[in-house]
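Note that the protein sequences, when read in sequence, are chains A and B. Be aware that the first sequence starts at 1, since it is given in the working numbering, and climbs by one per residue. Be aware that the second sequence starts at 1, since it is given in the working numbering, and climbs by one per residue.
Hints were generated in silico from the structure; no laboratory data involved. What you are looking at is a predicted structure, and each value in this text was computed from that prediction instead of being measured. Honestly, I wouldn't trust all of these hints.
As the list claims (entries may be wrong) - Listed below are the simulated DSS-like cross-link pairs for lysine-lysine, each with C-alpha atoms no more than 25 Å apart in a straight line: (1) B:210 / B:255; (2) A:132 / A:54; (3) A:122 / B:193; (4) B:255 / B:193; (5) A:54 / B:392; (6) A:88 / A:132; (7) A:7 / B:4; (8) B:372 / A:7; (9) B:92 / B:32.
To be verified - According to the in silico footprint, chain B covers these stretches of chain A (three or more CB under 8 Å from chain B): (10) 31-38; (11) 55-64; (12) 84-97.
As the list claims (entries may be wrong) - Pair by pair, the computed Cβ-Cβ distance ranges are: (13) B:364 / A:9: 22 to 32 Å; (14) A:99 / B:32: 26 to 36 Å; (15) A:19 / B:4: 28 to 38 Å; (16) A:99 / B:51: 41 to 51 Å.
Glycine residues also receive a C-beta, built at the ideal position from the N, C-alpha and C atoms.
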Amino acid sequence: MEPYSEKVMDHFMNPRNVGEIENASGIGQVGNPVCGDIMKMYITVDNGVITNAKFKTFGCGAAISTSSMATELIIGKTIEEALTLTNKAVAQALDGLPAIKMHCSVLAEDAIRSAINDYLVKTTGTGLPGWKPHEDEACQA
Amino acid sequence: MSDKRIVYLDHNATTAVAPDVLEAMLPYFTGKFANPMSIYSISQDNRKAVEDARERISRLLGAGDGRIVFSGCGSESDNQAIIGFAMANRAKGKHIVTSSIEHHAVLNSCKYLQKQGFEITYLPVTNDGLVRPSDLEKAMTSETILVSIMFANNETGVVEPIEELAKVAHAHNAVFHTDAVQAVGKLPIDVSKMGIDLLTASAHKFYGPKGVGILYANRKVRLDPIIHGGEQEKGLRAGTENVPGIVGIAAALEKALADRESETSREKTLRDRLERELLARIPESFANGAKAERLSNTTNITIKYIEGESMLLFLNASGICVSSGSACTSGSLEPSHVLLAMGVPAEHAHGSLRFSFGRDNTDADVDAVIEKLPAIVERLRAMSPVWEDHLKEGR
Chain A
1 MEPYSEKVMD HFMNPRNVGE IENASGIGQV GNPVCGDIMK MYITVDNGVI
51 TNAKFKTFGC GAAISTSSMA TELIIGKTIE EALTLTNKAV AQALDGLPAI
101 KMHCSVLAED AIRSAINDYL VKTTGTGLPG WKPHEDEACQ A
Chain B
1 MSDKRIVYLD HNATTAVAPD VLEAMLPYFT GKFANPMSIY SISQDNRKAV
51 EDARERISRL LGAGDGRIVF SGCGSESDNQ AIIGFAMANR AKGKHIVTSS
101 IEHHAVLNSC KYLQKQGFEI TYLPVTNDGL VRPSDLEKAM TSETILVSIM
151 FANNETGVVE PIEELAKVAH AHNAVFHTDA VQAVGKLPID VSKMGIDLLT
201 ASAHKFYGPK GVGILYANRK VRLDPIIHGG EQEKGLRAGT ENVPGIVGIA
251 AALEKALADR ESETSREKTL RDRLERELLA RIPESFANGA KAERLSNTTN
301 ITIKYIEGES MLLFLNASGI CVSSGSACTS GSLEPSHVLL AMGVPAEHAH
351 GSLRFSFGRD NTDADVDAVI EKLPAIVERL RAMSPVWEDH LKEGR
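Could you build all of it, start to finish, from the sequences and the hints given here?
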C-alpha cells in the first residue's frame with residue numbers, strides 16, 4: 001500500500017474531536033464491523049449551524065483520520081454547507097488517501113449525512129430526501 | 001525515528017540474511033560470476049557449486065533419489081508443483097484437494113486451474129486451524145490426482161498432520177504436495193519418511209537471500225515446466241541459475257538446521273511469555289490455534305473491538321514491526337481468510353496481530369511489546385463505538 005500522508009498520520013495519531021456529545025442534536029452511525037469499520041458521529045446544531053461535532057470510530061488509520069477531519073470540516077458550518085461536503089473534499093483536506101482507502105472518506109461523508117438526517121428526523125419529522133449510505137464495494141457484508 | 005531501536009517480530013514475513021550465509025554467497029557475485037551452463041573451467045566451478053548445494057539440501061531434507069529443483073521463490077515452487085503437476089497428469093484425472101488456509105500462491109494456482117477445467121476441493125479446518133485427515137478421506141475421488149496441504153500456517157503457525165494426510169492421499173493414488181515455506185528450517189523434515197512427494201521451500205524465511213526457492217520432487221512424479229526456455233534444472237526450470245542464491249540457500253539451511261533445536265526452544269520461551277502476558281493484560285483477547293501444535297516462533301492474537309492496521313501504525317511509531325493477519329493480504333480489505341476459516345468472526349478477525357520471533361529477538365523485545373501494546377489497545381478502544389457497545393451490553 002502507498003504510505004499515508006503526514007496529515008493522515010497526524011489526524012490518526014492525534015485525532016480531533018473524539019468522544020460523544022450528551023444530548024446531541026443528531027447522531028449518525030455508518031459502516032459494518034464485518035467490513036472492519038464503523039463511524040459514529042454526534043452533532044450539536046444551533047440555529048441551523050453545527051456548533052459541535054464528535055466521533056467514535058472502529059477502523060483503520062484512514063477511517064480514524066477521515067472521521068477526525070470530517071468533524072473539523074463541519075464545525076461552524078450550516079447544515080446546508082455541511083451537506084455539500086464530499087468524500088473527495090475530506091480526502092483532499094488530508095492531502096490524499098491511498099486508493100484502497102478512499103472508501104473510508106465515503107464513510108466519513110456518510111457519517112455526517114447520517115447525523116444530519118437524524119437531526120432532521122428529530123426536528124422536522126422527515127429526514128434527508130432519499131438518504132441512504134453508499135454501498136461499500138470493498139466489502140460485501 | 002532513525003536512532004530508535006527496531007523491535008522486529010515479523011520473521012514469518014522475511015528474515016535478514018545471516019552474515020556467514022552472505023559471506024558464502026559473495027564470491028559468486030563478482031569473481032565466480034561465470035554461467036554454470038558454459039564449458040570453460042571457471043563455469044565448471046560454478047556448476048559444481050550448484051550441484052554441491054543441491055546435494056547438501058537433498059541430504060538435509062531426506063530427499064533420497066528425488067530431485068531438488070531451484071526456483072525464484074516459494075510462490076514459483078508452489079505454482080510449479082501444482083500447475084506443473086496438473087498439466088503433466090491431467091489425463092489421469094482433474095480433481096485437486098487443498099485447504100482453505102493455504103498461502104495465496106497455492107490458492108491462486110488452484111483458482112487458475114479451476115479456470116482450465118480442473119475441479120478443486122478446499123477442505124475446511126477445525127477451530128484450532130487443523131485439516132482433518134477424515135475430511136481429506138471424504139474428499140478423495142477416483143479423479144483426484146493431487147493433494148496440497150501446507151506444512152505450517154504462516155499466520156497462526158499451526159502445524160498440519162502432514163504424515164497422516166500424505167497417507168490418505170497415497171491410499172487413493174494421489175500425489176502429496178506441501179507448501180513448507182514456514183516449516184523448513186524450523187521443524188525436522190524428512191520428505192521420504194513423511195511421504196511427501198512435492199515440497200516447497202523459500203530461502204528468505206530461514207536467513208537466506210530473497211529470490212531463491214526450492215521444489216523437492218519425488219523421482220516418480222512427472223511435472224511439466226512452467227518456465228520454458230533453456231535446459232537448466234534438467235529442462236524443468238529454464239533461466240540462468242542464481243548461483244549466489246543457490247549457494248546461499250544451502251548455507252542458510254545448514255545453519256538453520258544445525259541451530260534448530262536450541263533456537264526453537266529459545267524462541268518458544270519468548271513467544272510463550274509474550275502470549276501469556278498480552279492475554280493477561282488485554283481483556284477480550286485470545287490466541288488463535290494455541291491448542292494445536294504450532295511453530296514455536298509464532299503467535300496470532302485477536303484483540304476484539306479494534307482494528308489491526310490501527311494497532312500496527314501505533315506499534316510502528318514505537319519501532320515495533322509486526323503484521324496484521326498476513327502481510328500478504330495487507331493490500332486488501334478483507335480480513336484474514338485463515339482466521340475466517342478457523343471460525344473467527346470477521347469483525348474480530350480484523351483485530352488480529354501476528355508476532356513471529358527469530359534469532360535476534362531477546363527478552364527486551366518481549367518487554368517492549370508488553371509495555372506498549374496494552375496502552376495502544378486502551379487508546380483505540382476508547383474511541384471505538386463497538387467497544388462502547390460491548391461495555392453497555394456487559395452492564
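We went through each hint and held it up to the structure:
Distance restraint check for residue 210 of chain B and residue 255 of chain B: the Cα-Cα separation of roughly 17 Å lies within the 25 Å cut-off, and the hinted pair is therefore satisfied. Only pairs whose Cα atoms come within 25 Å are accepted, and residue 132 of chain A paired with residue 54 of chain A is accepted, the gap being roughly 21 Å. Distance check on the hinted pair: residue 122 of chain A and residue 193 of chain B sit about 73 Å apart at the alpha-carbon level, beyond 25 Å; violated. Of the supplied pair hints, the one linking residue 255 of chain B and residue 193 of chain B holds, its CA atoms being roughly 22 Å apart against a limit of 25 Å.
Restraint check for residue 54 of chain A and residue 392 of chain B: satisfied, since their Cα atoms lie roughly 19 Å apart, inside the 25 Å limit. Restraint check for residue 88 of chain A and residue 132 of chain A: the C-alpha separation of about 18 Å stays at or below 25 Å, so the hint holds. A threshold of 25 Å between alpha carbons decides the hint, and for residue 7 of chain A with residue 4 of chain B the separation of about 22 Å falls inside it, so the pair holds. As the CA atoms of residue 372 of chain B and residue 7 of chain A are separated by approximately 23 Å, the hinted pair is consistent with the 25 Å bound.
Proposed proximity of residue 92 of chain B and residue 32 of chain B is contradicted: the alpha carbons are some 45 Å apart, above 25 Å. With 6 residues carrying a beta carbon less than 8 Å from a beta carbon of chain B, the region 31-38 of chain A meets the three-residue requirement, and the given coverage holds. Coverage of the region 55-64 of chain A by chain B holds [criterion: at least 3 residues with CB-CB distance below 8 Å; count 9]. Evaluation of the coverage hint for the region 84-97 of chain A: breached, as 0 residues show C-beta separations to chain B shorter than 8 Å, against a requirement of three.
Distance hint for residue 364 of chain B and residue 9 of chain A: a CB-CB separation of about 27 Å, consistent with the stated range 22 to 32 Å. Checking the proposed 26 to 36 Å range against residue 99 of chain A and residue 32 of chain B shows it is violated: the Cβ atoms sit about 44 Å from each other. Range check, residue 19 of chain A to residue 4 of chain B: Cβ separation about 31 Å, and the 28 to 38 Å hint holds. In this structure the hint that residue 99 of chain A and residue 51 of chain B lie 41 to 51 Å apart at CB holds, the actual value being about 47 Å.
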